[in-house]
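Which chain is which? The protein sequence lines are A and B, in order.
If you're matching positions, the first sequence starts at 1 in my numbering and goes up one per residue.
If you're matching positions, the second sequence starts at 116 in my numbering and goes up one per residue.
Hints are supplied without guarantee of correctness; some may be wrong.
[Claimed, not checked] Computed spacing ranges between beta-carbons, pair by pair: (1) B/F210 x A/N59: 15 to 23 Å; (2) B/T160 x A/T53: 24 to 32 Å; (3) A/R15 x B/R132: 42 to 50 Å; (4) A/N59 x B/S125: 26 to 34 Å; (5) A/A2 x B/D116: 20 to 28 Å; (6) B/N182 x A/R15: 43 to 51 Å; (7) A/E52 x B/N212: 13 to 21 Å; (8) B/G131 x A/L83: 39 to 47 Å; (9) A/R67 x B/N122: 34 to 42 Å; (10) A/I12 x B/S123: 29 to 37 Å; (11) B/P155 x A/I12: 13 to 21 Å; (12) A/S51 x B/N172: 28 to 36 Å.
Treat the hints as calculated values from the structure; they're not laboratory data.
Idealized CB from N, CA, C, for every residue including glycine.
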Amino acid sequence: KAGVTQTPRYLIKTRGQQVTLSCSPISGHRSVSWYQQTPGQGLQFLFEYFSETQRNKGNFPGRFSGRQFSNSRSEMNVSTLELGDSALYLCASSANGVGSYNEQFFGPGTRLTVL
Amino acid sequence: DQQVKQNSPSLSVQEGRISILNCDYTNSMFDYFLWYKKYPAEGPTFLISISSIKDKNEDGRFTVFLNKSAKHLSLHIVPSQPGDSAVYFCAASPFGNEKLTFGTGTRLTIIP
Numbered sequence: 001k002a003g004v005t006q007t008p009r010y011l012i013k014t015r016g017q018q019v020t021l022s023c024s025p026i027s028g029h030r031s032v033s034w035y036q037q038t039p040g041q042g043l044q045f046l047f048e049y050f051s052e053t054q055r056n057k058g059n060f061p062g063r064f065s066g067r068q069f070s071n072s073r074s075e076m077n078v079s080t081l082e083l084g085d086s087a088l089y090l091c092a093s094s095a096n097g098v099g100s101y102n103e104q105f106f107g108p109g110t111r112l113t114v115l
Numbered sequence: 116d117q118q119v120k121q122n123s124p125s126l127s128v129q130e131g132r133i134s135i136l137n138c139d140y141t142n143s144m145f146d147y148f149l150w151y152k153k154y155p156a157e158g159p160t161f162l163i164s165i166s167s168i169k170d171k172n173e174d175g176r177f178t179v180f181l182n183k184s185a186k187h188l189s190l191h192i193v194p195s196q197p198g199d200s201a202v203y204f205c206a207a208s209p210f211g212n213e214k215l216t217f218g219t220g221t222r223l224t225i226i227p
């Protein structure tokens, strides 16, 4: 089975711009979560999508948004970029069986640099 | 408020010996715990997990122990190998919730 894929792997943007990152989960996985990793804050949960609906949300401003498509692929969008948005953005997928514990498997990440 | 804590930022262990990484949590709602290994500029790799109904789970060289009363878990790696050198994160979530709360990580260095 192919793993979680993320595109692009690297992005350079300037302040004020917006960016869209893409994630394809492991085949058959229905839950997709997004995380931000920075040296200062560590790994922090952004949001989770399941069956095209946002099911969980972390403590990030509304500039961070996402969506999920019927094939479970997901995108996240960051508008009005700030310098502090520079980070490694990680996508994770899980099978999310009902009433079970589900490991999350991560993609390689997208390194976003805001200048 | 750091709900998952890894108090040792780094750990060095001789090759072949046991590596023990520790993790503490404060949120009583957490009942599923995972360990991930991470290299720089890559995504975390899942290693092993444990649910709160167990106190031990083994997978090859990796064993995770959970002490619910102390809100403490540990990862044992035996024997340690040079390829184990990486940053290790523990993570926790409530049952049925995909939101993982991560610790700050421990950098493990295996000395040949």
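Between the beta carbons of A/S51 and B/N172, is the distance compatible with 28 to 36 Å? holds, 30 Å
Cβ distance range 20 to 28 Å for A/A2 and B/D116, holds or violated: violated, 37 Å
May I ask you to test the hint 34 to 42 Å on the CB atoms belonging to A/R67 and B/N122? holds, 38 Å
Using the C-beta atoms of A/N59 and B/S125, is the stated range 26 to 34 Å upheld? Because 28 Å falls inside the window, the suggested range holds.
Taking the CB of A/E52 and the CB of B/N212, does the distance hold inside 13 to 21 Å? Given about 19 Å between the Cβ atoms, the range holds.
Distance restraint hint 24 to 32 Å, applied to the beta-carbon atoms of B/T160 and A/T53: holds, 28 Å
Determine whether the Cβ-Cβ distance between B/G131 and A/L83 falls within the hinted range of 39 to 47 Å. holds, 45 Å
Taking 15 to 23 Å as the stated bounds, is the beta-carbon spacing between B/F210 and A/N59 within them? holds, 21 Å
Is 43 to 51 Å respected by the C-beta to C-beta distance linking B/N182 and A/R15? holds, 47 Å
Starting from the hint 29 to 37 Å, judge whether the C-beta atoms of A/I12 and B/S123 obey it. Between A/I12 and B/S123, where Cβ atoms are some 35 Å apart, the hint holds.
Cβ-Cβ distance between A/R15 and B/R132: within 42 to 50 Å? holds, 49 Å
Could you see if the CB distance from B/P155 to A/I12 stays within 13 to 21 Å? holds, 19 Å
In terms of the numbered hints stated before, the structure departs from hint 5 and from no other.
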